[in-house]
Amino acid sequence: MKYKWELREAVGLLGFLLVLATLYFGLISTGPAKFFTAPNAQKIFYFHVPSGLVTYLAFLMVVGGSALYLYNQSHYADRVAKCSAELGIVFGFMSLASGTFWMKAEWGGDIASRFLTDMRLATTLAMWILYIAYFVYRRQPETSIVKNNAAVLGMSGLIMVPLSYLSSRFLRSHHPVIVGTADQDSLDPSLRVGLYMGILAFILLYSFLLNIRMQIEEMDKVIFSRKMGNL
Amino acid sequence: MRIGLILVILLSLTPFSSAGQYCHEDNCFTNRGYIHLNEEDLYVYYNSLFTIGENWFVVFHVTGTDNDYDVDLSFEDGNSKSLTLPGGSSNYTDSVSFPGSTFASEKFDFNLYLTITQSQSGEVVANSTFKIDINKPSDDDMFYLWGGMTVFWVAIGAYVLYLSSQFRELNKKVERIEK
Chain A
1 MKYKWELREA VGLLGFLLVL ATLYFGLIST GPAKFFTAPN AQKIFYFHVP
51 SGLVTYLAFL MVVGGSALYL YNQSHYADRV AKCSAELGIV FGFMSLASGT
101 FWMKAEWGGD IASRFLTDMR LATTLAMWIL YIAYFVYRRQ PETSIVKNNA
151 AVLGMSGLIM VPLSYLSSRF LRSHHPVIVG TADQDSLDPS LRVGLYMGIL
201 AFILLYSFLL NIRMQIEEMD KVIFSRKMGN L
Chain B
1 MRIGLILVIL LSLTPFSSAG QYCHEDNCFT NRGYIHLNEE DLYVYYNSLF
51 TIGENWFVVF HVTGTDNDYD VDLSFEDGNS KSLTLPGGSS NYTDSVSFPG
101 STFASEKFDF NLYLTITQSQ SGEVVANSTF KIDINKPSDD DMFYLWGGMT
151 VFWVAIGAYV LYLSSQFREL NKKVERIEK
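Protein chains in written order, with my numbering: chain A, 1 to 231; chain B, 1 to 179.
Worth flagging that the hints you see were computed from the coordinates, not collected in a lab.
Among the clues, some could well be false.
Claimed, not checked - In silico SDA-like links for lysine to any residue, alpha-carbon gap of 20 Å or less:
1. B:K107 x B:K136
2. A:K227 x B:E175
3. A:K221 x B:E169
4. A:K227 x B:Q166
5. B:K136 x A:F36
6. A:K227 x B:K172
7. B:K136 x A:T37
8. B:K173 x A:M219
Stated by the list, open to error - The calculated label-pair distances, taken between Cβ atoms and stated as ranges, are:
9. B:N135 x A:I111: 30 to 40 Å
10. B:N135 x A:L27: 19 to 29 Å
11. A:A126 x B:S80: 47 to 57 Å
We put the CB at the ideal spot given by N, CA and C, even for glycine.
Based on the sequences and whatever the hints tell you, model everything.
Structure representation (structure tokens):
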């Protein structure tokens, strides 16, 4: 148990230090980006992309946990799904809000109409709202029916995550696509270092926060069962 | 058919029309230089302020040209452009433009070297140095950068506060049960 605490803290600390290193790299080490209308706002990229990717990761964890719960009624898998959904909402907020700032600086125009007409933005917002519904639904006493229904709702990420991720490739969208395209190789090396650092930092932060959230959930269960035992 | 042809011509001219937004008139420049060549008078018009992000022009106006002249303009960091002033006309005007992305940071009293060579003989007939300031306009998009960054810290900070309040609440519950 003691080892687990040390590892978790080390992961959290490393994640935080990498966030600071990404900040240094993005804001200080590299100058204003070329070929952008808003070269300073472009630096949001170093946090926007990693938070977006971690949002997908978190919601995929919800899908995995929900699937496992529906398969073998694993309470651990259900807890992973519940806690990961919460983190997905936090990271999703970061990605959507930071993207909105960047979009306003780079593209201009009306924010609401952008969200309604750009398929990447629309599907990502829909996915995020869907998991808010999941989060709200789970804030009630946890009976097996609630857990089952939540698992079914959690499985919707199986459609929503790929739909959001692939929407900018196949549907109407201004959102740039980098991974798996010719643009990936043209990514400036300095940009690449900051991006990879940011992704690693956010994955470590996600693991750290998920671990803490899982512990809280576990403690809550223990307290609840003790209370029931006292009655 | 005819309308289609006119449309095609108009559309093909559209990209060039954007050049019209830049002023080439004498009164659009803050500085005027005068150089006397062999038989000709050369006037050089330029702005002493280069604003990053905006195209920057140097206009050459030569009177009574009999000879061809090669004009070479180079900044002290190596960025250079050249053009030829052809002979055979009484008044000739031409310009050189440097794109707004030529510089990325501010510089003061930056040297721009002008060398004029007679095309036929290769003889350097004039050398001159202009000093200009390179200005970076205010960063309007900084607000959005700080907005985007604030979102990250606020979100992560609020979530960590939420987790710590959950921990405190649970610890209180444990204490109550133990009592």
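Consistency of the hints with the structure:
no.	hint	in the structure
1	B:K107 x B:K136	9 Å, holds
2	A:K227 x B:E175	12 Å, holds
3	A:K221 x B:E169	14 Å, holds
4	A:K227 x B:Q166	18 Å, holds
5	B:K136 x A:F36	16 Å, holds
6	A:K227 x B:K172	13 Å, holds
7	B:K136 x A:T37	14 Å, holds
8	B:K173 x A:M219	10 Å, holds
9	B:N135 x A:I111: 30 to 40 Å	32 Å, holds
10	B:N135 x A:L27: 19 to 29 Å	22 Å, holds
11	A:A126 x B:S80: 47 to 57 Å	53 Å, holds
In summary, the structure agrees with every hint in the numbered list given earlier.
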